[in-house]
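Novice: Listed below are the residues making up each chain.
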Amino acid sequence: MGEDTYWSRVAGLRAHRRQFLRGAGLGVTGLAGAALLGCSGDDSDSEGGSGSTTTTGDGGGAAQEGAPALERAPGFPGEDFGKVPVNNKPRVMGGTLNMPGSARALGGRTMDPDVSGFFAPSEYVNDRLVFPQGWTEELHFDLLDSFEWVSDTELTLTIRAGVKSHDRPPTNGRIVTAEDVAWSINRKGGILDPEASEAYPRRAYLTGLERAEAVDDVTVSVKLSSPNASFLAAFSDIRQAMQLKELEDWDFQDMLAFPGFGPWLVTEDEDSVRAVFDVHPDYYRTDAEGGRPSFDKMILQAYPDRAAQLAAFITGETDHLAQVLPHEDAQVSASVSDALRYQSPSATITHVNINPNRLAAFADERVRKAWHYARDFVAIGDPISAPGWQFSGPFHPMHAQTMSSDQIRALPGYNPDTKEQDIAEGKKMLAAAGFPDGAGISFSIWSSGATGRNFESGERVRNQLTTAYPQMAVELNPAPDIATFNSKLNEGDWECLAHDFAQVPDVALNGMTYYHSKGGRNYAPLQESWIDEALEGILQTLDEDERGAKITQFEKDYIDWGPPYLNNCVVMTDHAFQPTIGGADLVAGTWTYFYTLGYGGLQRWFWRTE
Amino acid sequence: MLRYAAKRVVGMVPTVLILLFLAVIMINLIPGDAVDLMMEENASPERRAALEEQLGLGEPAPIRYVKYVAGMLRGDLGDSLWSREPVLPELLKRVPVTIEIALLATLIGTAVGILLGVISALRQDTFIDYAIRSVAIAGISLPNFAIATFVVVMPAIWWGISPTLRYVGFTEDPFTHFKIILVPALVLSLNLAASVMRLSRTTMLDVLRQDYIRTAQAKGLRSIQVTVGHALKNAMIPVITLTGLQVAYLIGGSVIVESVFVIPGLGRYLITAIDQRDYPVIQAIVVLLGMFVMLVNLLVDMSYAWFDPRIRMT
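Chains as they are written, first to last, in my numbering: chain A, 1 to 610; chain B, 1 to 314.
Derived from the structure by calculation, the hints contain no laboratory data.
One thing to keep in mind: the hints can contain errors.
Cβ pair distances, simulated, as ranges [stated by the list, open to error]:
hint, chain 1, residue 1, chain 2, residue 2, range
1, B, 176, A, 316, 40 to 50 Å
2, B, 17, A, 382, 48 to 58 Å
3, B, 154, A, 326, 38 to 48 Å
4, B, 103, A, 296, 32 to 42 Å
5, A, 88, B, 175, 34 to 44 Å
Think of the CB as a built atom: it goes at the ideal place given N, C-alpha and C, for glycine as much as any other residue.
Please put together the full structure from these sequences, using the hints given.
Specialist: What follows is the structure, given as structure tokens:
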């Protein structure tokens, strides 16, 4: 591999630097997608073994007494990183971390970590091969020790040696081997049982996977049928933790028998109510490299509603309150005045999408553009987000190579300064298409919930459309619960959808999942050959600059085409932590899934302070 | 009396069967099922059909109803679609929790309601009377879930305290157990206390105007003797009826209260089962609650004979 490809950049080299701007809509410029750690990546050049442990002098890591000093994103803690306070009080080891959760996380759904799209206690007990840096998407090693691209379609993974599983049945402390990893990769890719492959929603991330095989105890050889520049990034999704082979015999019910090797093991599990985790005493990460739990115990408690969660945080019963809403801000600030507040762009994009398969009018590009032009993104984003939400094109603006929020904001249809002209243009297009003021167009918006962000977005979109095009008949039809929502979604029985989608730290993977005709979240589905070709091209392009150009071109083409799937905004999430919690600054950011700490993997970075 | 009770018990059977039938029809009309939840957003028709078959949801609802009744007659209330464990043991674990809270709420509500009703009647048209009646109106008007949420949130904001939302069994720690169930029981009792207060006041006022009360007063009996010894018992018959009817309401109210306070009772089990479309659990709880309400009504009817010997059960 002599060429300068997507894989050949070494750690530390970046083609661009992201600059974050304040205000409603942060602007970003691309940071190299080649922030992977090298072609024959080996992260062992720092003390303490694998993992990035270099301490930088400027904007460096947590400098708290007793806490690991870790490398941070360039420029941290500057004002351009949203709001990320650093708790500098001395660390106190041990204790219990109390996290609020939802009943849905703890029961009433499939607990298969490779099948479920939603978090579950199982996601706290195993680790991924790699995990992303919150602001830059740069991948760091977890279970992975090194990798090498033997060719464009053959990858060798080397895992850390001597990683111990949990010392209780069914694993009994055995060593995690390459066979586990190979089996897990094959399972996620849906190739262990091709007839049941549809059960694995993230198999599309591993497009091209033929087979993963263990070569020896620590080496896995992965063969692809076609290049996939995002293959490693696929394993950075928080739901892509490696599983152990004992999972084959698990009943998907008893959390205490869940086979794991990660930082936590479930010691108590009350379905839909509460889960208690003890720290894995033989966890492989060192304290110096970070990400090794400082707490002895973690309790995940379901609260019946938001009011109870708020009360629990105010009384100190929980250490965290997720996603403080604008109308809760005053109460939280008044009741817990020294709470640590973290604001960073969410990884989730809210959207309101039309189903062109059900609404013939939207086969016409003019109708799709009119649909776009009526949307007032500011009126949707302001009420549902903390200040600083971002405009989003077809891709999340916080990716290395996508159009920034400011760039999107300037485009027709998005620009709040030209909204009146856009609507006037939309009216003309509708009239030209044979639907003057929307006459003859009628549909129902199906929202994932009868309250909350998605419902509100659907409500606002309905109002905006009927105000802009008074003859258009648009109803809002909220789903009373998840089962009802999923039922219509799975049957394709929807005309317009108000929902959201958690993005992964890779543009191509999101595109394949969301817009590709075979994508797991392409619910209509859109079936456009030009979209499929463009996305497959992005996925297979290994040259970074060429890939970036393709991404930009797709974004422009998609917007210009008249987007049926139309993203609203990237909300700025606002988390509150008790003043005695440290370490959250290490994992704040978009790509760590910091927006919802219900996803496992982040609590191991926190600690108690004095 | 026994013959009367036996006739009533036998009469429950067709009622239960009809109730169960209605429940099966209604829950099958709700969009979405357990398969939709298990498959989340990835249900292809083939996978869906396979899982439906596995869960026994492939058959039409009437067939499932007949099979369920047959099982019920053998004491088999089916298996949960989620845990695949028999429903009956889980129900038996939760029934005492709900009954405990409902009973406590009934005791508190009835005692407080009768006391306030009697005071209000004896102090008719005074400030005390107006104050008690105003509180009663509020107690009837405010929904349980609003009061429950208020009780959870406002003390946290005002005083930094909040009820514990984690259940502890009686055998684990009796004192903590009682502390935990007292708050939801109080919340649940408010509406009952308000209704009982208003009815008690009305019936007491009616009784206090009777000739025999005037006679008792004229004989020189003390006020407390007149009130408790002569008036109260006669005023209680309508109150008993109300309390009996309210038990059904309390069981229904327990759904909200158990959810808000995270109490692992029948009500919470039911709401979770509805969310999860766990049909066997829903059906079992509906049958159980139906039988319970009918039994309570029977006991209420039979208690009339004790309060008023003129009433004979035939």
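Novice: Work down the list of hints and note, for each, if the structure agrees.
Specialist: Against the structure, the hints:
1. 176/B x 316/A: 40 to 50 Å: Between residue 176/B and residue 316/A, where Cβ atoms are some 19 Å apart, the hint is violated.
2. 17/B x 382/A: 48 to 58 Å: Because 56 Å falls inside the window, the suggested range holds.
3. 154/B x 326/A: 38 to 48 Å: About 21 Å separates the Cβ atoms of residue 154/B and residue 326/A, which means 38 to 48 Å is violated.
4. 103/B x 296/A: 32 to 42 Å: holds, 40 Å
5. 88/A x 175/B: 34 to 44 Å: For residue 88/A and residue 175/B the Cβ distance comes to about 42 Å; the hint holds.
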